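Work out the full structure, taking the sequences as your base and the hints as a guide.
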Amino acid sequence: MILSKGTIAPGFELFATPDRKISLAELKGRPVILAFYPADWSPVCGDQMGLYNETLKLFGKYNAQLIGISVDSKWCHAAFSESRNLHFPLLADFAPKGTVSRLYGAYDETDEESERALFVIDEKGIIQWSYLSPDEINPGADGILDALEELSLVKI
Amino acid sequence: MSRLKPEVSAADHHQGNVKASIILVEYGDLQCPYCRRAHPLIKRLVKERGNDFQFVFRNFPLREIHPYANAAALAAEAAGKQGKYWEMHDMIYEEQDKLGPDFLLLLAHRIKLDMTKFNSDSKSEELQNKIESDFESGIRSGVNGTPTFYLNGFKLLTYDETYKSLADAIQLESEMKAH
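Same order as they appear, the protein sequences are chains A and B.
According to this note's numbering, the first sequence is numbered sequentially starting from 526.
According to this note's numbering, the second sequence is numbered sequentially starting from 502.
What the hints contain is simulated information worked out from the structure, not anything from laboratory work.
Take these hints with a grain of salt, some might be off.
Said to hold, decoys possible - Mimicking DSS-like on lysine-lysine, the simulated pairs with C-alpha atoms at most 30 Å apart in a straight line are:
id, chain 1, residue 1, chain 2, residue 2
1, A, Lys582, B, Lys678
2, A, Lys530, A, Lys586
3, B, Lys506, A, Lys582
4, A, Lys530, B, Lys585
5, B, Lys624, A, Lys530
6, B, Lys599, B, Lys665
7, B, Lys678, B, Lys665
8, B, Lys544, B, Lys613
9, A, Lys586, B, Lys618
10, B, Lys656, B, Lys678
11, B, Lys618, B, Lys544
12, B, Lys656, B, Lys585
13, B, Lys631, A, Lys586
14, B, Lys665, A, Lys582
15, B, Lys544, B, Lys656
16, A, Lys586, B, Lys678
17, B, Lys613, A, Lys586
18, B, Lys506, B, Lys520
19, A, Lys582, B, Lys631
20, B, Lys665, B, Lys520
21, B, Lys624, A, Lys582
22, B, Lys585, B, Lys613
Owing to the predicted nature of the structure, the values given are computational and were not obtained by experimental measurement.
As structure tokens, this is what we get:
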């Protein structure tokens, strides 16, 4: 079971590049979108991370920061990110493998990969929306934007 | 989840029977190879079943992976300003491997567009905004890759890159409408 609405988002600090870590704590004050996904280098035109890369402008309207997380290593992420021209960080839940994915209930113990799970966390660090997608289905970005929209309405 | 929004309007490019109660919408990228593969299927569908449905194309350029997708979308929209949207759209898909800025100009020449108008339209904010708004509507409708089709507002989940999957979907929808 993935963590649901109303839960405090578990903190973490993971490598975003070969020499820099990002923590959830440092993102407080703005909405955060966490996108756990099984593996870098998946195929199909406009696959999930590629699609989100194209959607950054729309996420930006809500001042939200998008973060991708998988169990791939920081070096793998660096190559994947460069090849797809990604403009958001990919975190390596690599050592010990899957620790953060487990905290969010988004780890597949059989395949030893993160599940395809989405979380929208508000400015205070509370999960306001979560969604678990079947592994083979790219969940798109409509659910994320609906959740961000709702957050921005609540604030007003 | 995954319902088309907003609904089809006069601002959309359409083919087939505008009065038909069946509407097939494609979100596509003019530089996407999967969309290129879908293109002849759509052409055939409009030719064979064009009386039964309306086809609408909305722009969903994946700019980070397809460097000419946006320029191609602008070129097609600019041709549309001179009543030749579909001519440009078709040529781009049919010769997609040649895509580039010079090639888009060549195509505009080929269909005898007013080049001064074409050049200014393809840089216009109005057309760029239309492309952005198509893209946003796609994201809000749950598009997760290209091409994505919507049949009467619902995401078509049965498309498998074959003509049959599209023709069957139209057929099923028209049988449902008949009841």
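Legend entry - Distance restraint between B:Lys506 and A:Lys582, which requires alpha-carbon spacing of 30 Å or less: With a Cα-Cα distance of about 19 Å, the restraint between B:Lys506 and A:Lys582 holds, given a limit of 30 Å.
Inset, instruction - With a cut-off of 30 Å on the C-alpha distance, tell me whether B:Lys656 and B:Lys585 pass. - result: 28 Å, holds
Legend entry - Hinted pair A:Lys586 and B:Lys678, Cα distance within 30 Å: 40 Å, violated
Inset, instruction - Would you mind confirming whether the straight-line C-alpha gap from A:Lys530 to B:Lys585 stays at or under 30 Å? - result: 50 Å, violated
Legend entry - Given pair status - B:Lys520, B:Lys506, alpha carbons within 30 Å: Judged against 30 Å, a Cα distance of about 20 Å means the pair holds.
Legend entry - 30 Å Cα cutoff - pair A:Lys586, B:Lys618: Measuring from Cα to Cα gives roughly 33 Å; hence the hint is violated.
Legend entry - Holds or violated: B:Lys624 to A:Lys582, with C-alpha atoms at most 30 Å apart: 20 Å, holds
Legend entry - Hinted pair B:Lys631 and A:Lys586, Cα distance within 30 Å: Roughly 18 Å separates the two Cα atoms, so the pair holds.
Inset, instruction - Below or equal to 30 Å on CA atoms is what counts here, so check B:Lys624 against A:Lys530. - result: 44 Å, violated
Legend entry - Straight-line alpha-carbon gap B:Lys665 to A:Lys582, limit 30 Å: 37 Å, violated
Inset, instruction - Please work out if B:Lys585 and B:Lys613 have their alpha carbons no farther apart than 30 Å. - result: 10 Å, holds
Legend entry - A:Lys530 paired with A:Lys586 [C-alpha distance capped at 30 Å]: Since the Cα atoms of A:Lys530 and A:Lys586 sit roughly 22 Å apart, the hinted pair holds (cutoff 30 Å).
Violated hints for the displayed structure, listed by number in ascending order: 1, 4, 5, 9, 14, 16, 17.
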